[in-house]
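Protein chains: 2
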Amino acid sequence: MAKLQIVAKNNTLVKVGDAISLAREEIKQANAKDILIAKENGMKPALLDRLTLTDARIDGMVEGLLQLVQLEDPVGEIQSMKTRPNGLMIGYKKVPLGVVAIIYESRPNVTVDAFGLTFKSGNAVILRGGSDSIYSNKKLVEIIRKSLEESGINPDAVILVTETDRKYVDELMKLNQYVDVIIPRGGHGLIQNVVQNATVPVIETGTGNCHIYVDKSANLEMARDIIYNAKTQRIGVCNACESLVIHRVIADRAIPMIVDKLKEKNVEIRGDKKACEIDSRIVEASLDDWGTEYLDYIISLKVVDSIEEAINHINMYNTGHSEAIITNDYDMARKFTDEIDAAAVYVNASTRFTDGFEFGFGAEIGISTQKMHARGPMGLDALTTGKYIVLGNGQIRE
Amino acid sequence: MAKLQIVAKNNTLVKVGDAISLAREEIKQANAKDILIAKENGMKPALLDRLTLTDARIDGMVEGLLQLVQLEDPVGEIQSMKTRPNGLMIGYKKVPLGVVAIIYESRPNVTVDAFGLTFKSGNAVILRGGSDSIYSNKKLVEIIRKSLEESGINPDAVILVTETDRKYVDELMKLNQYVDVIIPRGGHGLIQNVVQNATVPVIETGTGNCHIYVDKSANLEMARDIIYNAKTQRIGVCNACESLVIHRVIADRAIPMIVDKLKEKNVEIRGDKKACEIDSRIVEASLDDWGTEYLDYIISLKVVDSIEEAINHINMYNTGHSEAIITNDYDMARKFTDEIDAAAVYVNASTRFTDGFEFGFGAEIGISTQKMHARGPMGLDALTTGKYIVLGNGQIRE
Numbered sequence: 002m003a004k005l006q007i008v009a010k011n012n013t014l015v016k017v018g019d020a021i022s023l024a025r026e027e028i029k030q031a032n033a034k035d036i037l038i039a040k041e042n043g044m045k046p047a048l049l050d051r052l053t054l055t056d057a058r059i060d061g062m063v064e065g066l067l068q069l070v071q072l073e074d075p076v077g078e079i080q081s082m083k084t085r086p087n088g089l090m091i092g093y094k095k096v097p098l099g100v101v102a103i104i105y106e107s108r109p110n111v112t113v114d115a116f117g118l119t120f121k122s123g124n125a126v127i128l129r130g131g132s133d134s135i136y137s138n139k140k141l142v143e144i145i146r147k148s149l150e151e152s153g154i155n156p157d158a159v160i161l162v163t164e165t166d167r168k169y170v171d172e173l174m175k176l177n178q179y180v181d182v183i184i185p186r187g188g189h190g191l192i193q194n195v196v197q198n199a200t201v202p203v204i205e206t207g208t209g210n211c212h213i214y215v216d217k218s219a220n221l222e223m224a225r226d227i228i229y230n231a232k233t234q235r236i237g238v239c240n241a242c243e244s245l246v247i248h249r250v251i252a253d254r255a256i257p258m259i260v261d262k263l264k265e266k267n268v269e270i271r272g273d274k275k276a277c278e279i280d281s282r283i284v285e286a287s288l289d290d291w292g293t294e295y296l297d298y299i300i301s302l303k304v305v306d307s308i309e310e311a312i313n314h315i316n317m318y319n320t321g322h323s324e325a326i327i328t329n330d331y332d333m334a335r336k337f338t339d340e341i342d343a344a345a346v347y348v349n350a351s352t353r354f355t356d357g358f359e360f361g362f363g364a365e366i367g368i369s370t371q372k373m374h375a376r377g378p379m380g381l382d383a384l385t386t387g388k389y390i391v392l393g394n395g396q397i398r399e
Numbered sequence: 002m003a004k005l006q007i008v009a010k011n012n013t014l015v016k017v018g019d020a021i022s023l024a025r026e027e028i029k030q031a032n033a034k035d036i037l038i039a040k041e042n043g044m045k046p047a048l049l050d051r052l053t054l055t056d057a058r059i060d061g062m063v064e065g066l067l068q069l070v071q072l073e074d075p076v077g078e079i080q081s082m083k084t085r086p087n088g089l090m091i092g093y094k095k096v097p098l099g100v101v102a103i104i105y106e107s108r109p110n111v112t113v114d115a116f117g118l119t120f121k122s123g124n125a126v127i128l129r130g131g132s133d134s135i136y137s138n139k140k141l142v143e144i145i146r147k148s149l150e151e152s153g154i155n156p157d158a159v160i161l162v163t164e165t166d167r168k169y170v171d172e173l174m175k176l177n178q179y180v181d182v183i184i185p186r187g188g189h190g191l192i193q194n195v196v197q198n199a200t201v202p203v204i205e206t207g208t209g210n211c212h213i214y215v216d217k218s219a220n221l222e223m224a225r226d227i228i229y230n231a232k233t234q235r236i237g238v239c240n241a242c243e244s245l246v247i248h249r250v251i252a253d254r255a256i257p258m259i260v261d262k263l264k265e266k267n268v269e270i271r272g273d274k275k276a277c278e279i280d281s282r283i284v285e286a287s288l289d290d291w292g293t294e295y296l297d298y299i300i301s302l303k304v305v306d307s308i309e310e311a312i313n314h315i316n317m318y319n320t321g322h323s324e325a326i327i328t329n330d331y332d333m334a335r336k337f338t339d340e341i342d343a344a345a346v347y348v349n350a351s352t353r354f355t356d357g358f359e360f361g362f363g364a365e366i367g368i369s370t371q372k373m374h375a376r377g378p379m380g381l382d383a384l385t386t387g388k389y390i391v392l393g394n395g396q397i398r399e
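One line per chain: the protein sequences are A and B, in this order. Position 159 of the first sequence, counting from 1, maps to 160 under the numbering used here, and the rest follow consecutively. Position 368 of the second sequence, counting from 1, maps to 369 under the numbering used here, and the rest follow consecutively.
Among the hints, erroneous ones may be present.
No copy is singled out in the list; a pair is fine if it fits within one copy or between any two copies.
[What the hints assert, rightly or not] Straight-line C-alpha distance at most 30 Å; calculated DSS-like pairs for lysine-lysine:
| id | residue 1 | residue 2 |
| --- | --- | --- |
| 1 | Lys217 | Lys94 |
| 2 | Lys147 | Lys83 |
| 3 | Lys264 | Lys29 |
| 4 | Lys4 | Lys94 |
| 5 | Lys266 | Lys336 |
| 6 | Lys94 | Lys336 |
Think of the hints as simulated: they come from the structure by calculation, not from any bench. Small disclaimer: the values here were computed from a predicted structure and weren't measured.
Work out the full structure: start from the sequences and follow the hints.
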């Protein structure tokens, strides 16, 4: 895999895309089996929706592969080769990680996305999708493997764990000799299971308890519009806003404006005592609310006396994802971006932009909420590592 | 810690160095207690040597801190701030990891080194050294903490785990909420214990089963000298050569020359059948030899028919540390550097150069033999992460 040339990789991505497009009826039939079983098991509508492969979603998967073709080869470059005083030339070459395992929920489109990203970056991938999508995943991986074989590439570059028994996930997480990294994608339970049990290095992704702090110097119309966007534009995503922090000095004016707007989408607002006093439409928050990622039409709201209190509150409850300040004060903007501990810190913009495409990285494999290896949206670069190339002419160490 | 300015950090490093230098008698007294107990417990001479703090070693610790002062601040820089089509400005700012835990053996100098590197990079550090060095470590950390306090810095930037019971290490390894990364430094057993049991992200360091492959086009004098250097210049280090792979075509000439030289230091050579036929001073290797990091005056030797066989053998048995080819053939050099999977791949130089100082990074916290976050010698940069700074003027996501 690491030796594949960029032209071969790109041609294969196109070929896989064509094969998926051509096989769409087969894919939808396999998917229909999953949906039938899921319905019998009483799967909730939101999850059923994510499981369902329509023509538009199949087109989306193919489009994703074609977008990858446009991106530069993420491996092969030797960065900053320098000559040491003893004549050794030392450079750092970008190389694939090796074998990447991805553990995810019942979203068959992730199967194709994950293949595309790992393949373009020269990695082999082991996929373990949710058991509810097993027929869809088997069909998709069968198509991908067939295209690889036809391109003269070892089809084991993509392996689907077809056993749905959980014990195989437990085994996978401990295969340090064979797997270089595990990336879990999904809800809190899935991710924590991997973090707690894997001995293979893990890149933690996803959970986002994102805050927006409205400073006393904020343009309140801007604050209102950004909050409305960050909360309601798409509620089930990790970069949606889950909690507001508002400076006391402008709370009387800001809160009713913000509540008016959020009520257009019937958002439930859970506030502290002060917030409830200001607007009777706000219900009282419990302590649990501050740490909750709702992924729903609910938001928490805290009134603070200072930016220090806001920063302490956010650094206590955030999940290291995306945090925003709305301010027109230079010092406050600088203080917030300096002191907030998160993958992305915003001034005067919606947290919804934390995303590989919006950041200009192209497709992403997930959003890292930890600090090791990669932080924030992870594109192809996050699927690479390096090796030092050292060119000598007989140097020995004195 | 993350907010400390570079001048304050550098002044504090100097101050700590002065304090250690001034307290050298106290330090040696504390160290003498450890040595007394270690001798009573029958500690081996090599380990006793590592435990012992002489004036020269104390000077070395101070010198290490002063060298850090010379290095640029590794945090604060915002890399490549770019403007997106919607006007958002997005840059990646280098920031400290946060809290770094270091688990190591009974080498008190690591206590000071680890403090210096984590402090300069803006991190807090939790130190857990070997129980045999507890009096030395307590004294050193006491001195460091006192200097921090006098500099107006929270002394909890450096915490020594003073309980020597192993259960506290087990707890430390699972404190995901408080610890950002664990770096184990020491032998195979210590490192594997951390890798297998930590839920906190780990950077694996150290084990080096390093090979030198002598290609058929090699300058044999150069090969001999590099092998002699890589094996015998210092035997107990992870970048020492532990195994030779020699092309069959030149084996008859190369092996006696290499054995002659290695026998100057009484190195035991354990070879495959072919090697034993060529030189009667070679003893027969068992299968276990290929995977063994001797850290001793022993080396294994395998004769191969091709570079492909050499690469397969090395990629099977190496530990991802440092691997070298001796060749004068351009294609072979390129093939070897492309296909060997290791942190550092050498052409015509001794593996002993894999080291932060030799690579020009300044001091190092260890040599990463895994692929995540950092690979190879880890300097200050490896102790940092980033956060995206996103500056808008009201952007919302459509």
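Okay, the hints, checked on the actual structure:
1. Taking CA atoms no more than 30 Å apart as the test, Lys217 paired with Lys94 passes between copies only; the shortest distance there is 26 Å, against 48 Å inside one copy.
2. Taking the shortest alpha-carbon separations for Lys147 and Lys83, neither the intra-copy value of 44 Å nor the inter-copy value of 41 Å comes in at or below 30 Å.
3. Taking the closest pair of Cα atoms, Lys264 and Lys29 never come within 30 Å of each other, the shortest separation being 39 Å inside a single copy and 70 Å across copies.
4. In the homo-oligomer, the alpha carbons of Lys4 and Lys94 lie at most 30 Å apart inside one protomer (13 Å), although the nearest pairing across protomers, at 33 Å, exceeds that limit.
5. Taking identical chains as interchangeable, the C-alpha atoms of Lys266 and Lys336 are never at most 30 Å apart, the minima being 33 Å within one chain and 61 Å between chains.
6. In this homomeric assembly, Lys94 and Lys336 come within 30 Å of each other (Cα to Cα) only across copies, at 14 Å, whereas the closest approach inside a single copy is 37 Å.
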